[in-house]
Amino acid sequence: MAFNDRIFGILLIVLAVAYGWGASQFPEPFGGSESIGPDTFPTLLAVVLGLSSLYLIVRPDPDNAWPWSRTGIELIVAVIVLVLYAMLLEPLGFIISTTLAVGTLCWRMGAAPLRAYLVGAVAGVVVFLLFSFALDLALPLGLLSFLEVS
Amino acid sequence: METLGFLIDGFGVALAPHNLMFALLGAFLGTLIGALPGLGPANGVAILIPLAFSLGLAPETALIMLTAVYAGAMYGGRISSILLNIPGDEPAMMTCLDGYPMAQQGKAAEALAISAIASFIGSLVATVGLILLAPVLARFALTFGPAEYFALFLLAFATLGGITGKNPVKTVVAACLGLMVATVGIDSTGVQRYTFGTLELYEGIDFIIAIVGLFAISELLFFIEERAGGGKAKMVVNKLKLSWADIRNILPSSLRGGVLGFIAGVLPGAGASLGSFIGYTLEKKAVGKKGYFGEGDPRGVAGPEAGNNGASSGALVPMLTLGVPGSGTTAVLLALLISLNITPGPLMFTQNADIVWGVIAALLIGNFLLLILNIPLVGIFVKLLSVPPMFLLPCVTMIAFVGIYSISNTTFDLYFMVAFGVAGYVLRKLDIPLVPIILGLLLGPEMEKNLSHAMGISDGDWSILWGSGLAIGLWVFAGLGLILPYIVGPILRRRMKVTTAAAAGNPEGD
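The listed protein sequences derive, respectively, from chains W and S. With full-length UniProt numbering, letter number 30 in the first sequence gets 30, and the count goes up by one each step, no holes. With full-length UniProt numbering, letter number 255 in the second sequence gets 255, and the count goes up by one each step, no holes.
With the rest of the complex left out, here is chain W:
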């Protein structure tokens, strides 16, 4: 079956139309309109994208399977871990958040939990020390800020 390309093609056409419409809404640049304005290039892109997505809908490639079952859940877990990592990097500090994020990822990829979090902790501490002392770059300490050497 070839649903992927068809659905993707439809989404792309929606994108192309929205993008092209967005381009037509740009205010005229100061000093009147010229032969080429801020909207010319985007309009061109919208047309090209629209045409090629039509082709995708008409002549789609065979599908790659999507990982629906458990693997799909693992993927969602991984993305959530990454988002949480970004969110908690500053409040928790680099070392703790790295331990948690790298540890969880290692664990979900098949490592034994204890070893996984150990690797996370070691990686966090090593990179933190490397950055703060050897490379002179500040990473947030967060909860561990009482350790700060001033």
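Keep in mind the hints are simulated off the structure, nothing from the lab. C-beta atoms are modelled at their ideal positions from N, C-alpha and C, and glycine is treated no differently. Incorrect hints may have been included.
When the alpha-carbon atoms are kept at most 20 Å apart in a straight line, the in silico SDA-like pairs for lysine to any residue are as follows [claimed, not checked]:
no., chain 1, residue 1, chain 2, residue 2
1, S, K449, W, G37
2, S, K284, S, R493
3, S, K449, W, T40
4, S, K383, S, L240
5, S, K429, W, V79
6, S, K429, W, G37
7, S, K497, S, N85
8, S, K429, W, V77
9, S, K429, S, L240
10, S, K290, S, R248
11, S, K449, S, Y202
12, S, K429, W, I76
13, S, K429, W, I7
Simulated restraints on C-beta separations [claimed, not checked]:
no., chain 1, residue 1, chain 2, residue 2, range
14, S, L15, W, I57, 56 to 62 Å
15, W, S69, S, K383, 33 to 39 Å
16, W, L54, S, R227, 35 to 41 Å
Not the full set, but computed from the structure, chain S residues with beta-carbon under 10 Å of chain W [as the list claims (entries may be wrong)]:
no., residue
17, E226
18, Y425
19, V426
Chain S: place on chain W using the hints.
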């Protein structure tokens, strides 16, 4: 002989102690990146770019280090080809054919050493080619006007999929997506485009964030999906017994492979994979019945390996002289140039001569360093191969986070990176190539600028875009780049597959 003078100046730059040190570090990291599973050259260079920034390296030092990484990654790809029959990167596929049989016959060390020497010769030949060809091409490129540049950019996109590419329309889609992302932000006339009033978007989307997200994060997701977390079996390498006669035996193959690879690298649309493929097939023909290809002939290791390294140096020619990269990794190197505020293109050879020639000299020196690194230290790299991806990839992801965070110290960029990673995963699932997206991000602003300059000259007459013979030629080649994959693509791809499958019995190549 002005080239020679520049080259000597270049050596002056490249041999400065700190540059030499970073070249060595880059060569080491590069070999590691090439050897490790799940860390392709483009991916590896991309992750290191933000780190090179936050270290505050001088432009030439950063560029020298990352060029060394690039060269090193091409060396590293062969290690797992030979020992495990799994190519570390795509161009190393052909090395499997004779490298793995050699390893099975207990000649792994010889195969590794021979491939290191062949890589060295291939790169050396191609670097000499680069030194001779690049200034000529740069001088020629000075005659390009904005219309020719616009056509050249189109040519770059059209040929990026390569003639072995699967579906050129998907390359076009990818290029459009990249160019669209590049239009976000305040344009040259001060108009806000697609910012939705978000302050962080006024400056546009930093392509480094997009590149790292697309490559590194999507790779992590792919590994999770394939459940490829487990490690590989430990490999034992025998003691090296290599005689001078063995080396002399592979010299002609390496030279031929290097020249062919260089040509394949310079030409748009060919690339390193095709370079190593041509290197192998031609070697088979040239040696004829006397060879025992597919059963562990050293010349079957040397030919493609020299071809692959020759192509990777050759691919630097269009990147340095025209500002138009021909492969994913050179696109990432272009990203580095742009973010260092160096305008790539023919003017670079006059305005930033010290940097260009420093990099070329560094490529030569890097090759010697790599040869020295690769023969005695191969044991270390082999050991690292057995690090299981389940520990490696999370750590690589962490490095990507640190790198992106250290650019501007905001978490906003990190969310963006994750979003690009998820998008990259979905796009790869749909067989949309990522490299045109990156090229679109990089070339978008330049492309639009050239379009509006051309229009300014012609006062709004679109026909200027195909107004000169040169521009027409570029358009024709761009058209061919999109049409040829439909005609020759299936034949070539089938042939590459048959060769690999027949000899290795393991068609799951890339």
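Evaluated hints:
Between K449 of chain S and G37 of chain W the alpha-carbon distance is near 11 Å, which keeps this suggested pair within the 20 Å criterion. At most 20 Å may separate the alpha-carbon atoms for a hinted pair to count; K284 of chain S and R493 of chain S meet this at roughly 18 Å. With a CA separation close to 11 Å, the supplied pair K449 of chain S and T40 of chain W stays within the 20 Å bound. Taken as a hint, the K383 of chain S and L240 of chain S pair is honoured in the structure, with Cα atoms around 17 Å apart against an allowance of 20 Å.
For the hint linking K429 of chain S to V79 of chain W, the alpha-carbon distance of about 16 Å falls within 20 Å, and the restraint holds. Proximity of K429 of chain S to G37 of chain W is assessed by CA-CA distance (about 36 Å); at most 20 Å being required, the pair is judged violated. Taking the CA atoms of K497 of chain S and N85 of chain S, the gap is near 15 Å; set against the 20 Å cutoff, the hint holds. For the suggested pair K429 of chain S and V77 of chain W, the alpha carbons sit about 18 Å apart, so the restraint of at most 20 Å is met.
In summary, the hint linking K429 of chain S to L240 of chain S is not supported, as the alpha carbons are separated by about 43 Å, beyond the 20 Å threshold. Distance hint between K290 of chain S and R248 of chain S is fulfilled; the C-alpha atoms sit about 16 Å from each other, no more than 20 Å. Between K449 of chain S and Y202 of chain S, the direct Cα distance comes to roughly 18 Å. Compliance with the 20 Å bound is thereby established for this hinted pair. Between K429 of chain S and I76 of chain W the alpha-carbon distance is near 15 Å, which keeps this suggested pair within the 20 Å criterion.
Straight-line distance between C-alpha atoms of K429 of chain S and I7 of chain W comes to about 13 Å, which keeps the hinted pair within the 20 Å bound. Between L15 of chain S and I57 of chain W the C-beta distance comes to about 57 Å, which sits within the given range of 56 to 62 Å. Between S69 of chain W and K383 of chain S the Cβ separation comes to about 36 Å, which falls inside the hinted range of 33 to 39 Å. With their beta carbons about 37 Å apart, L54 of chain W and R227 of chain S fall inside the hinted range of 35 to 41 Å.
The interface hint given for E226 of chain S holds, since its Cβ lies 9 Å from the closest Cβ of chain W, which is under the 10 Å cut-off. Below 10 Å, beta-carbon pairs count as interface contacts, and Y425 of chain S has one with chain W at about 8 Å; its hint therefore holds. Hint status for V426 of chain S relative to chain W: holds, with the closest Cβ pair at about 9 Å, below 10 Å.
Checked against the numbered hints given earlier, this structure breaks hints 6, 9; the rest are met.
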